[in-house]
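Residues per chain, in single letters:
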Amino acid sequence: AQSVSQHNHHVILSEAASLELGCNYSYGGTVNLFWYVQYPGQHLQLLLKYFSGDPLVKGIKGFEAEFIKSKFSFNLRKPSVQWSDTAEYFCAVNAKGTDKLIFGTGTRLQVFP
Amino acid sequence: EAGVTQSPTHLIKTRGQQVTLRCSPISGHTSVYWYQQALGLGLQFLLWYDEGEERNRGNFPPRFSGRQFPNYSSELNVNALELEDSALYLCASSWTTGVGEKLFFGSGTQLSVL
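Residue numbers (the working numbering), protein chains in the order written: chain A, 1 to 113; chain B, 1 to 114.
By construction, these hints were calculated from the structure, which means they are not laboratory data. None of the hints are false.
List time: in silico DSS-like cross-link candidates among lysine-lysine, alpha-carbon distance up to 30 angstroms:
no.	chain 1	residue 1	chain 2	residue 2
1	B	Lys102	A	Lys100
2	A	Lys49	A	Lys100
3	A	Lys61	A	Lys78
4	A	Lys58	A	Lys71
5	A	Lys61	A	Lys49
6	A	Lys61	A	Lys100
7	B	Lys102	A	Lys71
8	A	Lys71	A	Lys49
9	A	Lys49	B	Lys102
10	A	Lys71	A	Lys61
11	A	Lys96	A	Lys61
12	A	Lys58	B	Lys102
13	A	Lys49	A	Lys96
14	A	Lys71	A	Lys100
15	A	Lys78	A	Lys100
16	A	Lys96	A	Lys78
17	B	Lys102	A	Lys69
18	A	Lys58	A	Lys69
19	A	Lys69	A	Lys96
20	B	Lys102	A	Lys61
21	A	Lys49	A	Lys78
22	B	Lys102	A	Lys96
23	A	Lys69	A	Lys49
24	A	Lys78	B	Lys102
Just so you have them, the derived chain B footprint on chain A, three or more residues with Cβ under 8 angstroms:
no.	stretch
25	44-56
26	101-111
Beta carbons: idealized from backbone N, C-alpha and C, even for Gly.
Given the sequences, and given the hints that come with them, work out the whole structure.
This is how it looks when you write it as structure tokens:
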């Protein structure tokens, strides 16, 4: 069965620090990969997604993620975080040909000015 | 454009009771997904409806059920509530049946079972 692991449950950073949130999945076949974000008081929304092609995907607000197939990973990165990036971040995986979008447990990011 | 709307926003029930949660997708979306977000467990896939039919369900007992109406709105029913059913229940909708498409989430219903 598919599963998604986000090992960082809570990350605290100062503004301008670099960010990397880990996401690993377990599935041997082809996958679609997503990062969703939930800002305080707002709905979950799509940050970026990978279907195929260039494994380095750029999303909104300066975020990017790199798909490394050999490591079953899709880590989220941002070179310099801002206070407004404070949110909960969810990695999600869909095994192509299946109907389920499996989410990780989420990582809470707090950025202090 | 109105987003995905869920009602009620909060609900308190006692063990053994039954609850119905409601979801209205974005206009034009035919697929509705239900997720449970329990503390420390992330989002767990519950059910997927498309064009009025249940297409798939997650690893939840049969007391979790639902339906989708002709106008694509959906209900999630939970019978014989247990304490561990306390969670945020999120509904999401999308344009097509492919989960590769972007999901739009509602703000959820916070269910507390006492």
